[in-house]
Amino acid sequence: MDKLWLILKREYINKVRNRTFVIMTFVSPLIFIGVILLIGWLTSVNNSDLKKVAILDETGENFTALFEDTSDYDYQNLESVTLENALKISTDNSNYGLIHITSDANSEVKAIIYSDDSPSVSFINSIEDRLSKKATEDKLVSEGVDLNMLENSRIDANVALQTYSGVVSSKASSWVKIALGGASGYLLMMFIIIYGNMVMRSVIEEKTNRIIEIIVSSVKPIYLMLGKIIGTSLAGVTQFVIWIILGLILIVVGSAVFGVEAFQNPASQDMVNQAQNTDQIQMIVNDIMQLPLATMISCFLIYFIGGYFLYAAIYTAIGAAVDSETDTQQFMLPVILPLMLSIYVGFFSVIDNPNGTIAVIFSYIPLTSPIVMLMRIPFGEITWWQLAISISILYVSIVLVAYLAAKIYRIGILMYGKKTTWKDLYKWLKY
Amino acid sequence: MEYALEALSISKSYGNYKALNDVTIQVPKGSIYGLLGPNGAGKTSLIRIINQITAPDQGMVKLNSEPLQPHHISQIGYMPEERGLYKSMKVGEQCIYLAQLKGMKKAEAKEKLLFWFERLGMQGWWNKKLQELSKGMAQKVQFIVTVLHEPDILIFDEPFSGFDPLNADLIKDEILRLRDLGSTIIFSTHRMESVEELCDYIALINKSNVVLQGKLNEVKQTYRNRTYAVSVICSDHQRAIRQMKSIVDVEPAEFRGLDNTTDMTIRIPEDVTIPQVLQELTSLGELTHFSEVIPSVNEIFIKTVREDG
Numbered sequence: 001m002d003k004l005w006l007i008l009k010r011e012y013i014n015k016v017r018n019r020t021f022v023i024m025t026f027v028s029p030l031i032f033i034g035v036i037l038l039i040g041w042l043t044s045v046n047n048s049d050l051k052k053v054a055i056l057d058e059t060g061e062n063f064t065a066l067f068e069d070t071s072d073y074d075y076q077n078l079e080s081v082t083l084e085n086a087l088k089i090s091t092d093n094s095n096y097g098l099i100h101i102t103s104d105a106n107s108e109v110k111a112i113i114y115s116d117d118s119p120s121v122s123f124i125n126s127i128e129d130r131l132s133k134k135a136t137e138d139k140l141v142s143e144g145v146d147l148n149m150l151e152n153s154r155i156d157a158n159v160a161l162q163t164y165s166g167v168v169s170s171k172a173s174s175w176v177k178i179a180l181g182g183a184s185g186y187l188l189m190m191f192i193i194i195y196g197n198m199v200m201r202s203v204i205e206e207k208t209n210r211i212i213e214i215i216v217s218s219v220k221p222i223y224l225m226l227g228k229i230i231g232t233s234l235a236g237v238t239q240f241v242i243w244i245i246l247g248l249i250l251i252v253v254g255s256a257v258f259g260v261e262a263f264q265n266p267a268s269q270d271m272v273n274q275a276q277n278t279d280q281i282q283m284i285v286n287d288i289m290q291l292p293l294a295t296m297i298s299c300f301l302i303y304f305i306g307g308y309f310l311y312a313a314i315y316t317a318i319g320a321a322v323d324s325e326t327d328t329q330q331f332m333l334p335v336i337l338p339l340m341l342s343i344y345v346g347f348f349s350v351i352d353n354p355n356g357t358i359a360v361i362f363s364y365i366p367l368t369s370p371i372v373m374l375m376r377i378p379f380g381e382i383t384w385w386q387l388a389i390s391i392s393i394l395y396v397s398i399v400l401v402a403y404l405a406a407k408i409y410r411i412g413i414l415m416y417g418k419k420t421t422w423k424d425l426y427k428w429l430k431y
Numbered sequence: 001m002e003y004a005l006e007a008l009s010i011s012k013s014y015g016n017y018k019a020l021n022d023v024t025i026q027v028p029k030g031s032i033y034g035l036l037g038p039n040g041a042g043k044t045s046l047i048r049i050i051n052q053i054t055a056p057d058q059g060m061v062k063l064n065s066e067p068l069q070p071h072h073i074s075q076i077g078y079m080p081e082e083r084g085l086y087k088s089m090k091v092g093e094q095c096i097y098l099a100q101l102k103g104m105k106k107a108e109a110k111e112k113l114l115f116w117f118e119r120l121g122m123q124g125w126w127n128k129k130l131q132e133l134s135k136g137m138a139q140k141v142q143f144i145v146t147v148l149h150e151p152d153i154l155i156f157d158e159p160f161s162g163f164d165p166l167n168a169d170l171i172k173d174e175i176l177r178l179r180d181l182g183s184t185i186i187f188s189t190h191r192m193e194s195v196e197e198l199c200d201y202i203a204l205i206n207k208s209n210v211v212l213q214g215k216l217n218e219v220k221q222t223y224r225n226r227t228y229a230v231s232v233i234c235s236d237h238q239r240a241i242r243q244m245k246s247i248v249d250v251e252p253a254e255f256r257g258l259d260n261t262t263d264m265t266i267r268i269p270e271d272v273t274i275p276q277v278l279q280e281l282t283s284l285g286e287l288t289h290f291s292e293v294i295p296s297v298n299e300i301f302i303k304t305v306r307e308d309g
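Line by line, the protein sequences give chains A and B. Each residue of the first sequence is one higher than the one before, counting from 1 in the numbering used here. Each residue of the second sequence is one higher than the one before, counting from 1 in the numbering used here.
Calculated directly from the structure, the hints in this document are not laboratory data. Check the hints yourself; a few may be wrong.
Cβ pair distances, simulated, as ranges [unchecked claim]:
id: 1; chain 1: A; residue 1: L30; chain 2: B; residue 2: P67; range: 58 to 68 Å
id: 2; chain 1: B; residue 1: D57; chain 2: A; residue 2: N18; range: 38 to 48 Å
id: 3; chain 1: A; residue 1: S392; chain 2: B; residue 2: Q69; range: 30 to 40 Å
id: 4; chain 1: B; residue 1: F115; chain 2: A; residue 2: L341; range: 53 to 63 Å
What you are looking at is a predicted structure, and each value in this text was computed from that prediction instead of being measured. Ideal Cβ placement from N, Cα and C applies to all residues, glycine included.
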């Protein structure tokens with residue numbers, strides 16, 4: 001045990017002292033924020049383009065009144081010109097587009113948007129909505145309906161959510177659950193990929209440095225393997241904690257410097273809106289409080305640690321089997337495939353139907369269960385025995401996989417110069 | 001005799017390949033023991049079993065007459081053929097880490113380390129990273145790592161390969177000094193000149209079997225075959241050789257005398273005595289050279305391996 005501690009300490013200190021690690025720790029949040037700011041800036045630049053759109057209304061129903069200039073679109077009304085001329089004017093002015101509105105004998109309204117760009121779906125929809133609304137109203141008026149009466153007799157219906165046991169939640173709560181589940185599943189996947197790779201690289205490093213034989217003549221390979229996995233994951237946790245702290249600091253600083261607009265604008269513009277916002281925030285906080293938080297946090301820890309260990313053991317075995325990082329590709333499939341699968345199952349099946357057959361099956365398979373379960377848990381409703389079975393399968397598999405990985409590791413670290421195949425791995429398991 | 005290390009009837013297979021077949025070696029205390037054999041004979045497999053890196057399928061290893069146990073690793077120092085250290089770690093830190101893995105206390109390791117650093121002229125290396133050192137310097141660090149915990153048994157796999165002559169000499173002297181201080185040393189090598197120079201005992205492993213084992217002198221005794229290098233001052237070489245051929249086998253000499261001598265390597269048959277040969281030689285002229293050709297380890301090695309097939 002003393003030696004495990006020694007190895008663990010060395011791995012940890014070696015990792016956190018590594019220059020690349022330090023740089024990555026402090027620079028990547030900046031890069032991350034920078035990319036977000038860049039995307040935001042690009043989007044705003046993109047949107048601030050004023051698009052000129054010409055309108056040719058041939059219905060005689062005064063549809064042109066529907067189009068008021070906005071900050072994005074500048075509408076220009078063309079009157080008493082032919083379509084040909086309108087097209088010519090539009091191209092000469094290098095307009096974004098021309099909307100040609102006509103109606104047929106059945107007073108059905110038709111419109112064609114002429115444009116060399118492809119107008120966004122929202123733009124087309126908004127035009128359809130406006131035309132349809134006015135045409136409908138016109139029709140209603142012509143049938144003798146009082147529009148005011150129609151408007152006044154509109155009645156809102158309100159659907160609220162409540163569980164059988166009487167817990168009230170808002171419609172937004174599904175989104176909160178998806179966000180929390182998705183974030184923890186995604187976090188685990190990133191953690192596995194980043195630090196699993198780090199463990200693998202450090203195994204390969206010991207092999208290429210040829211120090212491995214000296215180490216294993218002093219300690220059992222299994223201690224070296226465990227020390228490596230734990231030491232590296234602690235370094236990873238350190239990095240994540242630093243990232244979270246830096247992220248919080250950056251958010252606070254960022255909102256103080258740039259955030260004035262983001263936080264204050266809606267308030268000054270629209271008090272009602274703000275009131276709604278606070279309401280919504282309160283609802284979301286409420287929703288979060290109503291989630292099975294204790295279960296979620298303990299399950300998060302259980303699945304996070306379990307999932308990471310399972311994959312880290314596989315990564316160590318891969319590292320031991322190869323001579324250099326370029327040789328790892330052929331063995332990466334069993335790592336990447338289940339990870340991708342869990343994320344896809346999570347986003348496409350779990351969110352739709354948290355207790356569906358697919359979600360349940362994948363939360364029993366040990367390679368996918370950590371991520372899938374992390375995404376299912378916020379939705380509650382997982383029976384305790386499902387959890388128990390899933391966790392038992394996961395931890396039994398960890399022991400099993402770690403045992404097999406240790407076997408491969410023990411042999412692999414002493415094999416040099418020969419390219420390892422799947423067949424070799426199978427043979428080593430039998431030594 | 002007291003043995004520091006005994007490997008008894010060791011067998012080890014990897015899949016269908018038998019790496020060691022009923023191998024027994026006994027290493028006397030305080031000796032330098034040469035483990036010889038061609039590449040792939042099984043030397044490294046045996047050493048790994050002694051170091052408890054792998055376990056034998058059959059047989060047992062005894063250390064100071066006790067069956068080998070995990071705690072014994074602190075009594076063995078091993079310098080593998082494939083050498084290396086952590087490149088990005090500092091020399092001092094690294095040596096202390098490796099010594100701790102061998103079970104030493106930190107303070108003790110530090111003290112011993114300072115002694116060795118001074119002894120091998122390495123002051124000022126403590127805070128250097130290994131990647132800043134030259135190859136020769138790194139080899140010194142490697143040697144210190146092997147001996148720092150003062151093990152009873154030191155195992156060197158090809159100790160001099162990759163060392164420059166100066167360092168090789170330095171290391172050789174240190175090995176001899178450690179032997180004199182009571183360590184038992186096992187050499188695994190196929191470089192025969194170092195065996196000749198250092199080893200008291202040898203074992204020759206070929207194709208997973210021990211084919212020859214014993215005290216170096218005694219092994220040589222069994223391989224001596226009454227061969228002598230002789231020179232006489234005699235101007236008529238042809239006649240001299242012809243005359244000698246009548247009583248002994250004559251082969252071309254592997255040396256050259258300084259005077260105008262006839263040089264020969266002769267093999268004396270069992271029924272001919274040495275005085276008879278001497279008489280014959282002196283009759284040819286003044287005898288300047290008469291010495292037994294002792295078989296070199298190299299010859300013994302080649303002969304044994306060839307005969308073994």
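Hints versus structure:
1. L30(A) x P67(B): 58 to 68 Å: holds (60 Å)
2. D57(B) x N18(A): 38 to 48 Å: holds (41 Å)
3. S392(A) x Q69(B): 30 to 40 Å: holds (36 Å)
4. F115(B) x L341(A): 53 to 63 Å: holds (58 Å)
Every hint from the earlier list agrees with this structure, and none is contradicted.
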